[in-house]
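Enquirer: As given, the protein sequences belong to chains Y and W, one line each in that order. Numbered per full-length UniProt numbering, the first sequence spans residues 1 to 304. Numbered per full-length UniProt numbering, the second sequence spans residues 1 to 268.
Calculated from the structure, these hints are not laboratory results. Predicted model, so just to flag it, every value in this text is computed and none were measured. By construction, the Cβ of each residue, glycine as well, lies at the ideal position given by its N, Cα and C atoms. Watch out, some of these pointers could steer you wrong.
[Unchecked claim] Coverage of chain Y stretches by chain W, computed from C-beta distances (three or more under 8 angstroms per stretch; other residues unrestricted): (1) 79-85; (2) 91-102; (3) 119-125; (4) 189-200; (5) 211-221; (6) 271-281.
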Amino acid sequence: MVATLSRPARSVRAGAPAGRGPGRGRRRLGLLYSAPMAVIVLLLFVLPLVLMFWMSFNHWPLLGASAPNGVENYSALSDPLFLRAIWFTLKYTLVTTVVLSLVAFGLALLMQEARRGVGFFRTIYFLPAAVGLGSASLLFYGLYNTGDSPLNTLLADVGLGPVDWLGTNGSALSSTIGMITWRFAGFYMLILLTGLQSIEPVLYEAARTDGAGRWQIMRYVTLPLLRPTLALMTVLSVTGSLLAFDQFFIITGGRHDTTTVAIDIYREAFLNQDLGRACAISVAVLAVLILLNAVQMRLIRRED
Amino acid sequence: MRKAGYYSTTTVLAVLFLLPMIWTLYSSTHGPQATNGAGGWGVDNYERMSRYGEGIGLYVLNTTVAALVTVLVTVVATTLGGYAMARLSFPGKNLLFLVTLAILMVPYTTILIPLYIVLGWLGLQNSLIGLGLVLAMFQLPFGLFMMRNSFEALPVELEEAALIDGCTPGGALRRVLLRGVAPGIVTVALFSFLASWNEFVAPLIFLTDGTKFTLPIALYNLQSGNLGSIDYGALQAGVVTAALPCVLVFLLLQRYYVSGFSAGALKG
């Protein structure tokens, strides 16, 4: 993204066709063509964003009239349930990102070599990403829960189990991370492959000529050049996990020990019917995420 | 020997990735209640699933409507917008570009609540069109990026030739340029279709009327067991119904999906 932002948009050809006034007609056309996008962005993005700030300073019940109440809503940030949600979300984000990165990187390295059948395997590893996150969550919910759950049948065959996949905090967390890894590893593999392919083969040859071994090439050529891609993958994974909703809402029902920040916002708004408090949490989360993105962008840019 | 190691590793991994899907397919067509006796093959699960709630047909229809609105709005808005960004100059151009890209920075669960209010103001709460518009909005940054790059990749001479031949700018866009950016359009359509079809949180919040539910929401209600115990067989049949179109669409169009990545759409 940064690369594009810093590249000046290619300026318009001054020479519009003879006869039609070069500037004005094209200018009007520009406004006309971008109008649908502009209307949607204004109505459904800018307006809600402004409204979110406004709502966060108002008592705003789901039904009924709203009234200003200063910063009172922001007391939601010190609510023990919210703090627990933050802690759980951070834990989940950290573990998921590490596990996903490792698995995706391993897959990408395997799939990087131009061997027969690589395209076929790539497609298979990616396939779960075509399944919606909601459907994937329901799928694994069945996988973990059914009486004749194939997982437990399998374990019983080797004399183990049965395992209560969702019973405890720890098992619910790791079971969910298992689903997420299945769902997203291929997706991140594809991103990493794009990065790996943009590394000039000449660099590998040069390193080999200089007598570098496999690990040295990995450490001094591949990883440094892959840094922007790795950073992008981390941004996507961290942002996605910090806002995790579907997987816990569906698999564990978001019970208190697996409530994420996004589920907490949902609860505050639609179960406690307090939209103002929900917006106050949203504002805080948004601020943190923008800060985080800015830091990440800076890291990526430095590498450029 | 190394070759054998490579292929056994990749095959084992492939089996691991496929197993959950195979299990769902299997358990959706087998079960204690299956027609030909215990554990036999049968479509009972699908039959029970299809009768769930307002009938699965309606949920599929709702999901399709929302997805069509999303795809249509995204494609039209970003094709026109992408052309304007690549080829035209007008006041506010850079600002619009930056604000649209900023949508990426605002993860979307955070603005769903004010969006809920705004949709109410617009009379679009509990509406599939409103849902489609919101989902389209979240697809705008990727789509704009993709379409602007697609138009920039076309030689300017192509358009000039059409204009000299007497096309209006609009005509040149419609008759000549669209063909050139078609792969970009397919990519944008594919991404927005998959996102819309699978969306869970937005319809959960925006749709309150059972006759408007989309497939993910209907399945969630089936799972949360409104009738007491959960019908796992019907649930897995539902998962297959929801996932199959996406898997098929992806398999048919994966060329475009992958090009969406390498076009720099998702690159730093």
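Enquirer: Could you run down the list of hints and mark each one as holding or not?
Expert: Here's how the hints hold up against the structure:
For the region 79-85 of chain Y, the stated coverage by chain W is violated: 0 residues have a C-beta nearer than 8 angstroms to a C-beta of that chain, whereas at least 3 were required. Only residues whose C-beta sits within less than 8 angstroms of a C-beta in chain W count toward coverage, and the region 91-102 of chain Y has 0 of them, not enough to reach three; the restraint is violated. Counting residues of the region 119-125 of chain Y whose beta carbon lies closer than 8 angstroms to any beta carbon of chain W gives 4, which reaches the threshold of three, so the coverage claim holds. For a cut-off of 8 angstroms, the count of residues in the region 189-200 of chain Y with a CB near a CB of chain W stands at 5, and the three-residue condition holds.
Residues of the region 211-221 of chain Y lying with their CB closer than 8 angstroms to a CB of chain W number 0, which falls below the three-residue condition for coverage. Requiring three or more residues with a Cβ within less than 8 angstroms of a Cβ of chain W, the coverage given for the region 271-281 of chain Y holds, as 3 such residues are present.
Violated hints, in rising order: 1, 2 and 5; the structure is consistent with all others.
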